[in-house]
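Take a look at the letters that make up each chain.
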Amino acid sequence: MACFLRQRPWMETMPILKVEHLSKIFKDVKALDDVSFEFDHGIISFLGPSGCGKTTLLRSIAGLEVPDAGSISIADKVQTSIEDGILVPPYSREIGFVFQNYALWPHMTVFKNVAFGLKLRKKSDDEIKRKVMAALDLVGLQGRDQRYPSQLSGGQQQRVALARSLALEPRLILLDEPLSNLDAKLREEMRVELKKLIKKVGISALYVTHDQDEAFTISDAVVVMDGGKILQYGTPDEIYNRPLHPFVAGFVGHSMLFDGRVVRSDSDGCLVNVPDFNGADLISPAAPAVVGDACKVVIRTTELKLSHERFAEGVDNVLEGMMTGREYRGGLTDHRVQIGAKELIVTSHKLCPMIRINGDDGKTFVSIDRSAITVIVTH
Amino acid sequence: MRQGTLVPLVASAIAGAAIITPVLVVMWRSFTTGKLGFTVGLNLTNYLRVFTDRDLVPMLSNSVIYAGGAALLGTGLGASLAWIVARTNTPGKGLVELMPLYPILMPPIMKNIAWILLLAPRSGILNGMLQQFLGIDTLVFNAFSMAGMIWVFGLACVPLGYLFLLPVFLSFDPSLEESAYIAGSKPVRTMFKITFPLALPAFTSALVLNFLRGLRSFETPVLQGTPGNIKVFVSRVYDSMALEFNTGLATAYSVVLVVMSIITLYFYIRATRFSERYATITGKGYRVKVIDIGPWKYLTFAAVLLYFLVGIVIPFIVLIVVSMIPYFDYDTFMRFPFNAVLTNYYTVLRHPSFMTGLYNSLILSVTIAIVTVLTGIVMAFTIYRTRAAGTKVFEFIGTLPLAFPPLVLSVGLLIIFIGTPLYNSLWALGLGLFVAYFPYAFRNASGAIVNIHKELDEAAWVHGARWRHVFFKITLPILKPSVGGALFYIFIEAIRNVDVAVLLTSPGKEYGPVTLFEYFRVGQWAEAAAGGVIYLIILIVAVSVAKFAFKMKFSL
Numbered sequence: 020m021a022c023f024l025r026q027r028p029w030m031e032t033m034p035i036l037k038v039e040h041l042s043k044i045f046k047d048v049k050a051l052d053d054v055s056f057e058f059d060h061g062i063i064s065f066l067g068p069s070g071c072g073k074t075t076l077l078r079s080i081a082g083l084e085v086p087d088a089g090s091i092s093i094a095d096k097v098q099t100s101i102e103d104g105i106l107v108p109p110y111s112r113e114i115g116f117v118f119q120n121y122a123l124w125p126h127m128t129v130f131k132n133v134a135f136g137l138k139l140r141k142k143s144d145d146e147i148k149r150k151v152m153a154a155l156d157l158v159g160l161q162g163r164d165q166r167y168p169s170q171l172s173g174g175q176q177q178r179v180a181l182a183r184s185l186a187l188e189p190r191l192i193l194l195d196e197p198l199s200n201l202d203a204k205l206r207e208e209m210r211v212e213l214k215k216l217i218k219k220v221g222i223s224a225l226y227v228t229h230d231q232d233e234a235f236t237i238s239d240a241v242v243v244m245d246g247g248k249i250l251q252y253g254t255p256d257e258i259y260n261r262p263l264h265p266f267v268a269g270f271v272g273h274s275m276l277f278d279g280r281v282v283r284s285d286s287d288g289c290l291v292n293v294p295d296f297n298g299a300d301l302i303s304p305a306a307p308a309v310v311g312d313a314c315k316v317v318i319r320t321t322e323l324k325l326s327h328e329r330f331a332e333g334v335d336n337v338l339e340g341m342m343t344g345r346e347y348r349g350g351l352t353d354h355r356v357q358i359g360a361k362e363l364i365v366t367s368h369k370l371c372p373m374i375r376i377n378g379d380d381g382k383t384f385v386s387i388d389r390s391a392i393t394v395i396v397t398h
Numbered sequence: 032m033r034q035g036t037l038v039p040l041v042a043s044a045i046a047g048a049a050i051i052t053p054v055l056v057v058m059w060r061s062f063t064t065g066k067l068g069f070t071v072g073l074n075l076t077n078y079l080r081v082f083t084d085r086d087l088v089p090m091l092s093n094s095v096i097y098a099g100g101a102a103l104l105g106t107g108l109g110a111s112l113a114w115i116v117a118r119t120n121t122p123g124k125g126l127v128e129l130m131p132l133y134p135i136l137m138p139p140i141m142k143n144i145a146w147i148l149l150l151a152p153r154s155g156i157l158n159g160m161l162q163q164f165l166g167i168d169t170l171v172f173n174a175f176s177m178a179g180m181i182w183v184f185g186l187a188c189v190p191l192g193y194l195f196l197l198p199v200f201l202s203f204d205p206s207l208e209e210s211a212y213i214a215g216s217k218p219v220r221t222m223f224k225i226t227f228p229l230a231l232p233a234f235t236s237a238l239v240l241n242f243l244r245g246l247r248s249f250e251t252p253v254l255q256g257t258p259g260n261i262k263v264f265v266s267r268v269y270d271s272m273a274l275e276f277n278t279g280l281a282t283a284y285s286v287v288l289v290v291m292s293i294i295t296l297y298f299y300i301r302a303t304r305f306s307e308r309y310a311t312i313t314g315k316g317y318r319v320k321v322i323d324i325g326p327w328k329y330l331t332f333a334a335v336l337l338y339f340l341v342g343i344v345i346p347f348i349v350l351i352v353v354s355m356i357p358y359f360d361y362d363t364f365m366r367f368p369f370n371a372v373l374t375n376y377y378t379v380l381r382h383p384s385f386m387t388g389l390y391n392s393l394i395l396s397v398t399i400a401i402v403t404v405l406t407g408i409v410m411a412f413t414i415y416r417t418r419a420a421g422t423k424v425f426e427f428i429g430t431l432p433l434a435f436p437p438l439v440l441s442v443g444l445l446i447i448f449i450g451t452p453l454y455n456s457l458w459a460l461g462l463g464l465f466v467a468y469f470p471y472a473f474r475n476a477s478g479a480i481v482n483i484h485k486e487l488d489e490a491a492w493v494h495g496a497r498w499r500h501v502f503f504k505i506t507l508p509i510l511k512p513s514v515g516g517a518l519f520y521i522f523i524e525a526i527r528n529v530d531v532a533v534l535l536t537s538p539g540k541e542y543g544p545v546t547l548f549e550y551f552r553v554g555q556w557a558e559a560a561a562g563g564v565i566y567l568i569i570l571i572v573a574v575s576v577a578k579f580a581f582k583m584k585f586s587l
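From first to last, the protein sequence lines are chains A and B.
Anchor point for the first sequence: position 115 equals 134 in this note's numbering, and the numbering is continuous, going up by one each time.
Anchor point for the second sequence: position 477 equals 508 in this note's numbering, and the numbering is continuous, going up by one each time.
Honestly, the hints are just simulated from the structure, not real lab data.
These figures come from a predicted structure and were not determined experimentally.
Accuracy of the hints is not assured; some may be wrong.
Simulated restraints, written as ranges between beta carbons of each label pair [as the list claims (entries may be wrong)]:
| # | chain 1 | residue 1 | chain 2 | residue 2 | range |
| --- | --- | --- | --- | --- | --- |
| 1 | A | D232 | B | S575 | 55 to 61 angstroms |
| 2 | B | S216 | A | D295 | 56 to 62 angstroms |
| 3 | A | K131 | B | V397 | 30 to 36 angstroms |
| 4 | A | Q170 | B | V397 | 32 to 38 angstroms |
Beta carbons: idealized from backbone N, C-alpha and C, even for Gly.
Given only the sequences and the hints, what does the whole structure look like? Please build it.
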């Protein structure tokens, strides 16, 4: 196993991956639209709905897809550069790739699957055996090396696919929705395990998923994509709590978006008027906004307080509405509160005091703490 | 990746050139006049002759009646048998379950020979029996009539109808019928309103494909049609090539035939597309309900038994008996087994033209099977697995020979090779077989490669494989089962081929089935039968080897 823990001196000094102005158009769909980013090391996730271009990006990095424009460098070595006519074939990029459907070769045993790349690199039989066994050991598949892929469960096949890439000791491993074919419970287990494993081996990983929980759990940095563009690149916390783009706010977390206009903006905070809430003014954290700016008001529905009695003075943003429905979801409950023209969904925790629906003619009060609001200026 | 595609690309281009050249030559030659080896100017003389041919209209109608009649008879019979086997409690239906094996064992030319022996107007066995036992002096049966042609080729169409319809009846979602029952429909009504309409697309596909086979068929028109003066396009092409040596005329008739084939092929593609829309009958794992048809089962049993005897057993028996009598006529035939001799086998096996023919057909069909299947895989790989631009053109080229009756392809090859050292060599013959069977290998490989998940290849790419590693270590091993099937099929088809080989053989370069064809044409019927039985034995050995050594399955 020692071979996986080798020190990589360049790791801290140069970006493992650098993508510049990558574009790719399929027929009339822009799969990649001038995508640029750098990534030092660790685990980075690309998050977005299907068709947002994340898989195309991954395949371009692997060399399986030829972009229309732009360049890709891995560890400071140019791999793809359309402008300079450089296109390193996938077999020379020295990366790992875990496919969504695992892509295990059905006619080879687990051992042969993992040994495939090593054999092509003309390693000695001894070394191949040692490395294959070490890789299988690492993913917890000791003793299964003579099985065929069809004799393994989905989770085990997933591990073989991972071992096949790790055995080659790549500097970068690309994972294309690797957990999406597993059932929910196994997926949560594998998520944690995958992260531990990648950290243990000490390589960098680029992870593509449409599942935000997965992206947040597994990665050091998250990139949200839509329509072939990178909308936001940040830590999971930044993405969740400080979305910079309405799409990010809507896609990530449990949020609702409302149209607003900035009324006041200073270092204490930002006051926005929301016409949908009977023209109520909401106070929110300071934002780079100028009075008069049109904006989106993002409200995280899990961070609201609900009461059938008026809140005490000094509580942020109290709105008055009518409870119109309630959906019990196990640990959480969605309360539907009609405020002005809009229905606000308040998700409350199991431990939250229950609200009477019909108290005081169905009147309900909602308090939105300013920390639950993000204001995104739109132009 | 781009530079790695060079080798498969070049290989595909060579194969593509080999395929398209005879096709182009036929086209070009149809616009020139002059006998074999000479060319006189570009003109429309041939077409003028074709379109002023007094026989043109009868020939068109003969072709359509013959191919259509045989297709209707064969497909209808095959579909009925499939329904009886899949859905009824008819006793003894196991007799029909050998159906997939039957066309493998019985080469088309043997079928024609057996039925001519049975149905020939004067010397035929059946007319003789009518006269001897019932005192009927009129010649009821005539192999050399349109009815005789339709009957013989129709029987050859039965297995395809059966094979197309059986999976439909077997994989039928029973809930479709059950919901009709619940809606108040009785079983018979349900059959006609639900079951048969849903089987109609598959039936149409089989019908059109059988029609196409009829248009392309060689043995029946030449052996039965020509003696009875019933002309169709294939026999006309053959006559103008083999008797008149008029390449211009032969190629012009060929072009008419090709146009008819292309029109049919178009309808076939439409029919199969239509049948794919009937998604309800593609599901797997249903247990279809066998219907108790009451006393009708004795009628269906009689039908099954009759087909088994007439369609399968009797031709075999006739061939074997005739191969063992001194010479063929009705009285000699009826004296069997008291006059049984092996002289025919002795004659045939000592005849150099038969022995070289046998040897050539064995060597060539094995070689051609291997070469065709491998090339087919490489071409399919080039199209679906490399990213070189314009590879789609190979898809067209690879399928093109389907539109060209084998006889037409050999006309083209003969024109190409005449006057070159390759004329009168096995190379010409081999190339002809390669072109004729390439579409089967190619389509088989395409279907299989498309079904291999692309990620399996890509996983190899990113783990360090070049195209040759992907091809030899991933694609080829995964394709192994379908490669085996295609090898076997092309071997079986090639070893008994008459229509490609007939124009390309020459003294010293015989081809076994063509030698039998010639025996039969000059009236050595007993020798032809003996040679046929020898081929039968070879085919039985091949099937047994495939079944037991390679575990190939011959049933559905």
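To see whether the hints hold, each was checked on the structure:
| no. | hint | in the structure |
| --- | --- | --- |
| 1 | D232/A - S575/B: 55 to 61 angstroms | holds (60 angstroms) |
| 2 | S216/B - D295/A: 56 to 62 angstroms | holds (57 angstroms) |
| 3 | K131/A - V397/B: 30 to 36 angstroms | holds (31 angstroms) |
| 4 | Q170/A - V397/B: 32 to 38 angstroms | holds (36 angstroms) |
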